[in-house]
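Q: The lines below spell out each chain.
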Amino acid sequence: GAVVSQHPSWVICKSGTSVKIECRSLDFQATTMFWYRQFPKQSLMLMATSNEGSKATYEQGVEKDKFLINHASLTLSTLTVTSAHPEDSSFYICSAEAWLAGGETQYFGPGTRLLVL
Amino acid sequence: DQQVKQNSPSLSVQEGRISILNCDYTNSMFDYFLWYKKYPAEGPTFLISISSIKDKNEDGRFTVFLNKSAKHLSLHIVPSQPGDSAVYFCAASAGNTGKLIFGQGTTLQVKP
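From first to last, the protein sequence lines are chains A and B.
In this text, residue positions in the first sequence follow this note's numbering: the first is 1, and each later residue adds one.
In this text, residue positions in the second sequence follow this note's numbering: the first is 1001, and each later residue adds one.
FYI, nobody ran anything at the bench for these hints, they're computed from the structure.
Treat each hint with caution, since some may be false.
What the hints assert, rightly or not - Think about it this way: if two alpha-carbon atoms lie no more than 20 Å apart in a straight line, the pair counts; the simulated DMTMM-like pairs of lysine to aspartate or glutamate are:
(1) Lys1056(B) x Glu104(A)
(2) Lys1071(B) x Glu1042(B)
(3) Lys64(A) x Glu87(A)
(4) Lys1111(B) x Asp1084(B)
(5) Lys1099(B) x Glu97(A)
(6) Lys1068(B) x Asp1055(B)
(7) Lys41(A) x Glu1042(B)
(8) Lys1037(B) x Glu97(A)
(9) Lys1099(B) x Glu104(A)
(10) Lys1071(B) x Asp1024(B)
(11) Lys14(A) x Glu59(A)
(12) Lys20(A) x Glu1042(B)
(13) Lys14(A) x Asp65(A)
(14) Lys1099(B) x Glu52(A)
(15) Lys1099(B) x Glu59(A)
(16) Lys1037(B) x Glu104(A)
(17) Lys1054(B) x Asp1024(B)
(18) Lys1099(B) x Glu63(A)
(19) Lys1037(B) x Asp1084(B)
(20) Lys1054(B) x Asp1031(B)
(21) Lys1099(B) x Asp1031(B)
(22) Lys1054(B) x Glu104(A)
(23) Lys1037(B) x Asp1059(B)
(24) Lys41(A) x Asp1084(B)
(25) Lys1005(B) x Asp1031(B)
(26) Lys55(A) x Glu87(A)
(27) Lys41(A) x Asp1001(B)
(28) Lys64(A) x Glu22(A)
All of these numbers come straight from a predicted model, not from anything done at the bench.
Input sequences plus hints: build the corresponding full structure.
A: Given below as structure tokens:
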């Protein structure tokens, strides 16, 4: 199956610092990756679509200058939360598109728990 | 505007019985539907998907049914096992965007 990893799995930082989260597809190449965030007991909300070699596409209401996305290779996308504040504390999950068994499916990473103090 | 809805926040079934999780959608442009299983503090795990050209897809204990006219899909798990206890999300996408819209999730508890 398709495996997606995320690093770090959790991070605690002070308000005002920047945090980088990596998303890697381990056994397949992904031209498109997605970033989601999930608040407690709520659904996953799509933040942005990350395309290898081009700018990310952000969903309405998501600040692109605050959530910087870089898709530098076919196996790596990074999300940088700049000048993090307590309201940015959340569970961030990435996914990567893969064509397996004749269908296009998104496979998710394990998520990154961010706590901003 | 909730385009994908899972109206039952929780479901409890006995081990060995059938679990039926429901999902409704409003966007007629959705043409691909997926079910994911999620444990707390982990990423969702893909379970099964269905294209809008089909009305049923089966994989082991999991079967997804799609009723396009009703804009409704359901996930059947037979027989249910305690290890199936988790939050189940349905998701939908339209065209080739790849963007998934998720429902709110249904917490399934399978009792031994």
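Q: Against each hint, give a clear statement of whether it holds in the structure.
A: Each hint tested on the structure:
no.	hint	verdict
1	Lys1056(B) x Glu104(A)	holds (17 Å)
2	Lys1071(B) x Glu1042(B)	violated (29 Å)
3	Lys64(A) x Glu87(A)	holds (16 Å)
4	Lys1111(B) x Asp1084(B)	holds (10 Å)
5	Lys1099(B) x Glu97(A)	holds (10 Å)
6	Lys1068(B) x Asp1055(B)	holds (8 Å)
7	Lys41(A) x Glu1042(B)	holds (13 Å)
8	Lys1037(B) x Glu97(A)	holds (17 Å)
9	Lys1099(B) x Glu104(A)	holds (12 Å)
10	Lys1071(B) x Asp1024(B)	holds (6 Å)
11	Lys14(A) x Glu59(A)	violated (26 Å)
12	Lys20(A) x Glu1042(B)	holds (19 Å)
13	Lys14(A) x Asp65(A)	holds (19 Å)
14	Lys1099(B) x Glu52(A)	holds (16 Å)
15	Lys1099(B) x Glu59(A)	holds (10 Å)
16	Lys1037(B) x Glu104(A)	holds (18 Å)
17	Lys1054(B) x Asp1024(B)	holds (16 Å)
18	Lys1099(B) x Glu63(A)	holds (18 Å)
19	Lys1037(B) x Asp1084(B)	holds (9 Å)
20	Lys1054(B) x Asp1031(B)	holds (10 Å)
21	Lys1099(B) x Asp1031(B)	holds (12 Å)
22	Lys1054(B) x Glu104(A)	holds (15 Å)
23	Lys1037(B) x Asp1059(B)	holds (15 Å)
24	Lys41(A) x Asp1084(B)	holds (19 Å)
25	Lys1005(B) x Asp1031(B)	holds (16 Å)
26	Lys55(A) x Glu87(A)	violated (25 Å)
27	Lys41(A) x Asp1001(B)	holds (18 Å)
28	Lys64(A) x Glu22(A)	holds (17 Å)
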